[in-house]
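Colleague: Generate the whole structure from the sequences, applying the supplied hints.
There are 2 protein chains.
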Amino acid sequence: QAGDIEAGKIKSAQCVVCHGQNGISTMIEAPNLAGQSEIYLQEQLLHYRSGKRSHQVMSIIAKPLSDKDINDLSAWYSAFKIEVTMPK
Amino acid sequence: QAGDIEAGKIKSAQCVVCHGQNGISTMIEAPNLAGQSEIYLQEQLLHYRSGKRSHQVMSIIAKPLSDKDINDLSAWYSAFKIEVTMPK
Chain Z
3 QAGDIEAGKI
13 KSAQCVVCHG
23 QNGISTMIEA
33 PNLAGQSEIY
43 LQEQLLHYRS
53 GKRSHQVMSI
63 IAKPLSDKDI
73 NDLSAWYSAF
83 KIEVTMPK
Chain X
3 QAGDIEAGKI
13 KSAQCVVCHG
23 QNGISTMIEA
33 PNLAGQSEIY
43 LQEQLLHYRS
53 GKRSHQVMSI
63 IAKPLSDKDI
73 NDLSAWYSAF
83 KIEVTMPK
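Residue numbers (my numbering), protein chains in the order written: chain Z, 3 to 90; chain X, 3 to 90.
What you were told as hints is all true, and nothing was included just to trick you.
No distinction is drawn between identical chains; accordingly, a pair holds when it is met within one copy or between any pair of copies.
Result set (DSS-like, lysine-lysine): computed pairs, CA atoms no more than 30 Å apart in a straight line:
1. 13 with 65
2. 11 with 90
3. 70 with 90
4. 65 with 54
5. 13 with 83
6. 13 with 90
7. 54 with 13
8. 54 with 70
9. 11 with 83
10. 65 with 83
11. 70 with 83
12. 13 with 70
13. 11 with 65
Derived by calculation from the structure, the hints in this document are not laboratory data.
The structure displayed is predicted, hence computed values, not measured ones.
Modeller: The following block contains the structure:
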């Protein structure tokens, strides 16, 4: 079920510190989220919430998220457009 | 230990079918790898190889990878440059 991009933007305030203002990570262990596939993002947040995937920060962050939160955050970050330049 | 981008390019032939020629995924459940953080990519491949993280395809793909393979693949995909345009 597709999320609400505007709601996701608001909810992403807690993500910015590691994943960056523009979805490009500010910490080397944190992944970029900008333009990532919506389904993939939903699945990772569901896995962090259920425990199928674990990380000392993300497991805590994901615990209180509702399904709607997860869909909204995934809709927000997947709405970023990214252009790729491959190495020469 | 930083990997070898050229060696990573050759080794990435097996990744392209899901993660795309330019590192932008061609399958909605597969993540983009283009411009992803090198340390993050290394950690995910190590986790898929060790079983800390599991996926029906990636667990099989990662099993035979050496540490050098993991470093080379991570160096290759993190060498992609990405430009982000945020949603209005």
